[in-house]
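In case it helps, the working numbering puts the sequence shown at residues 1 to 110.
None of these hints come from the bench; they were simulated from the model.
The reader is advised that the hints may include incorrect statements.
Derived SDA-like pairs (lysine to any residue); straight-line CA-CA distance at most 20 Å [said to hold, decoys possible]:
1) LYS73 <-> ILE45
2) LYS85 <-> PHE39
3) LYS61 <-> VAL30
4) LYS32 <-> MET42
5) LYS41 <-> CYS76
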Amino acid sequence: PSALERARALAAAEKPTDAGSAPPLKYAVVLKRRSADAFPKMRTIHAVAALVPPQHTVSLKEPDVTILVEVFKSLCGVSVVPSYKALHDFNLHAASGKSGPPPKGGGKKK
Numbered sequence: 001p002s003a004l005e006r007a008r009a010l011a012a013a014e015k016p017t018d019a020g021s022a023p024p025l026k027y028a029v030v031l032k033r034r035s036a037d038a039f040p041k042m043r044t045i046h047a048v049a050a051l052v053p054p055q056h057t058v059s060l061k062e063p064d065v066t067i068l069v070e071v072f073k074s075l076c077g078v079s080v081v082p083s084y085k086a087l088h089d090f091n092l093h094a095a096s097g098k099s100g101p102p103p104k105g106g107g108k109k110k
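Turn these sequences into a full structure, and let the hints steer you where they fit.
Here it is in structure tokens:
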């Protein structure tokens with residue numbers, strides 16, 4: 001079975017809830033790939049968005065929540081992150097308020 005079929009099966013096994021009972025939110029889907037360039041970006045984003053109940057709307061600029069899909073080689077993780085943009089996309093250097101690019105060398109002392 002495909003990853004999408006497995007995700008649907010896992011979701012179906014959960015305690016059912018009324019999808020219309022959740023308050024409407026604005027959301028974005030973000031896909032991050034590492035060592036998985038062949039993984040289909042737009043197909044994945046559209047497939048994930050198709051699983052979101054219809055009362056929620058897409059907002060790429062100001063989402064309430066971000067559905068973050070991270071793929072590394074053959075592993076995939078999915079998270080729903082509130083205020084992802086406010087967290088500077090989990091970039092610690094940007095979140096610390098420091099300006100400019102991070103120091104080169106990964107902080108290694110010579």
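Here is what the structure says about each hint:
1. LYS73 <-> ILE45: This hinted pair holds, its Cα atoms lying about 18 Å apart.
2. LYS85 <-> PHE39: violated, 24 Å
3. LYS61 <-> VAL30: With a Cα-Cα distance of about 12 Å, the restraint between LYS61 and VAL30 holds, given a limit of 20 Å.
4. LYS32 <-> MET42: holds, 12 Å
5. LYS41 <-> CYS76: Measuring from Cα to Cα gives roughly 13 Å; hence the hint holds.
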